[in-house]
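Trainee: Listed below are the residues making up each chain.
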Amino acid sequence: MSASFYTKPANNGNAGVAMETSWDSNPGRQRTLQPITTGASVLAIKYNAGVIMVADTLGSYGSLAKFRSIPRVLRVNDATVAAASGDLADMQFLNTVVENHAIDEEIHEHGIAYSPASLHSWLTRVMYNRRSRINPLWNTYIVAGTEAGQPFLGYVNMLGVAFKEDCLATGFGSHLCLGLLREALDAAGGYAGLTEETATSALEACLRVLYYRDCRAYNQYQLANVPVAKPAQVSGPHFLQSDWSVAKLVKHYTE
Amino acid sequence: MLADWTQQEVLTGTTIMAVEYNGGVVIGADSRTSSGTYVTNRTQDKLTPLTEYIYCCRSGSAADTQAIADHVRYYLDFSRISQGREPTVRYAAHVMQSILYNNRDNLSAAVIVAGWDEVNGGQVYCIPLGGLLVRQPMAAGGSGSTYIWGHLDAQFKPGMTDTECQEFVAKSVSLAIKRDGSSGGVCRLAVINRSGVQRRIIMHEDLPKSYDG
Numbered sequence: 001m002s003a004s005f006y007t008k009p010a011n012n013g014n015a016g017v018a019m020e021t022s023w024d025s026n027p028g029r030q031r032t033l034q035p036i037t038t039g040a041s042v043l044a045i046k047y048n049a050g051v052i053m054v055a056d057t058l059g060s061y062g063s064l065a066k067f068r069s070i071p072r073v074l075r076v077n078d079a080t081v082a083a084a085s086g087d088l089a090d091m092q093f094l095n096t097v098v099e100n101h102a103i104d105e106e107i108h109e110h111g112i113a114y115s116p117a118s119l120h121s122w123l124t125r126v127m128y129n130r131r132s133r134i135n136p137l138w139n140t141y142i143v144a145g146t147e148a149g150q151p152f153l154g155y156v157n158m159l160g161v162a163f164k165e166d167c168l169a170t171g172f173g174s175h176l177c178l179g180l181l182r183e184a185l186d187a188a189g190g191y192a193g194l195t196e197e198t199a200t201s202a203l204e205a206c207l208r209v210l211y212y213r214d215c216r217a218y219n220q221y222q223l224a225n226v227p228v229a230k231p232a233q234v235s236g237p238h239f240l241q242s243d244w245s246v247a248k249l250v251k252h253y254t255e
Numbered sequence: 001m002l003a004d005w006t007q008q009e010v011l012t013g014t015t016i017m018a019v020e021y022n023g024g025v026v027i028g029a030d031s032r033t034s035s036g037t038y039v040t041n042r043t044q045d046k047l048t049p050l051t052e053y054i055y056c057c058r059s060g061s062a063a064d065t066q067a068i069a070d071h072v073r074y075y076l077d078f079s080r081i082s083q084g085r086e087p088t089v090r091y092a093a094h095v096m097q098s099i100l101y102n103n104r105d106n107l108s109a110a111v112i113v114a115g116w117d118e119v120n121g122g123q124v125y126c127i128p129l130g131g132l133l134v135r136q137p138m139a140a141g142g143s144g145s146t147y148i149w150g151h152l153d154a155q156f157k158p159g160m161t162d163t164e165c166q167e168f169v170a171k172s173v174s175l176a177i178k179r180d181g182s183s184g185g186v187c188r189l190a191v192i193n194r195s196g197v198q199r200r201i202i203m204h205e206d207l208p209k210s211y212d213g
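Line by line, the protein sequences give chains Y and G. Going left to right, the first sequence walks through residues 1 to 255 as this note's numbering numbers them. Going left to right, the second sequence walks through residues 1 to 213 as this note's numbering numbers them.
Please note that the accuracy of each hint is not assured.
As the list claims (entries may be wrong) - Distance windows between CB atoms, simulated: (1) Asp212/G <-> Ser245/Y: 37 to 43 Å; (2) Gly111/Y <-> Asp45/G: 42 to 48 Å; (3) Asp45/G <-> Tyr212/Y: 45 to 51 Å; (4) Asp212/G <-> Ala205/Y: 46 to 52 Å.
Rather than coming from a laboratory, the hints here were simulated on the basis of the structure. Glycine included, C-beta positions come from ideal geometry on N, C-alpha and C.
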């Protein structure tokens, strides 16, 4: 077994990402990769002075809610945060590579740190490359932060599909919540009209909908706020309130 | 014409558990290895030393987990010499994760790495299928664990003493053995702290009793 868990760029032209996997040395094999321990939705929205992102802290093992305090939000630096849904072992692997890159930037002392746009771009290349070798990292990432003084929000999935938007969601969130987030933006006339409080409560309302309607959602979450003028902050765990009073109105299923 | 069970992989059907307490960890497991529906070993030891102070509880394919544990034990032995001190539990867990994650497509192995070190005391690290690494105050794994999640949630309290932890582990493994066909036999326990490892067996007839009807 190799003694290096981390290779500096000078040693490995592939910037620390394992390009050789067990599958590559067995090209005759078919692979069906499946995610094992998974994270559910990630949601994010820009507001007038930054961007906010939320993700619950659950790692599901199939239908079992096995790990209830897993952090899925990564604080890369003062201006960049990222969160992943999908296979959490792949997320841990990628997050370690990203953290090692951030250390590299410091070592080089060139005053350049990862910006959200550069992380988004790099992530896209890595995810697309793995997909093209039929060995995907089974994740959907959302990258958020401050880029050139403006809020940044980008999406990359396991196929290498990538785009930037004013509001983003993964998994179930993209079905149940994107509409709600877009409505919030429309009502404010764009993200420049959205305050931090309104953005936070919109995200919380979305998390509530997910807790009601997604079997794999959870009521404990982390929140990342990256204001353009201040350092990124990841807070949590926060606990989600939910309203079940409608249950009292329901009795039997027929008259 | 060979019987079905001879063509099946040998699995540690299994119930494994580990609990942190202030000053160390308590780990436990059942003792059944099965091949299909045949019990190939009814007195298996699934609590495997990686170092003097760090153990791993093995579930999944017996061959995979034995080979990997042997490898990790060798690697940590070497680390002790090159680093000049006992490996930390965290380091052992990451070595284990590295193998399980990078070979996830070819392996059927899920482990719990638990032990004691000077830096952080008693620690439990759960590594399920797929190679995720999570530190938890209490971890359970193997097919038998699915039957006792409710019991674990209801009875676990943080801050138990090592005696309370042993009773908790023994009771939990015992309940799992009763309900899981792939778990059975005796309950093996180990307590790991600053003084090292003390091992115990709870014989089948001495397993804590519960409702049987």
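Trainee: For each hint, tell me whether it holds in the structure or not.
Mentor: Cross-check of the supplied hints:
1. Asp212/G <-> Ser245/Y: 37 to 43 Å: holds (42 Å)
2. Gly111/Y <-> Asp45/G: 42 to 48 Å: violated (56 Å)
3. Asp45/G <-> Tyr212/Y: 45 to 51 Å: holds (47 Å)
4. Asp212/G <-> Ala205/Y: 46 to 52 Å: Once the Cβ atoms are compared, 49 Å apart, the range 46 to 52 Å for Ala205/Y and Asp212/G holds.
Hint compliance for this structure: hint 2 alone is broken.
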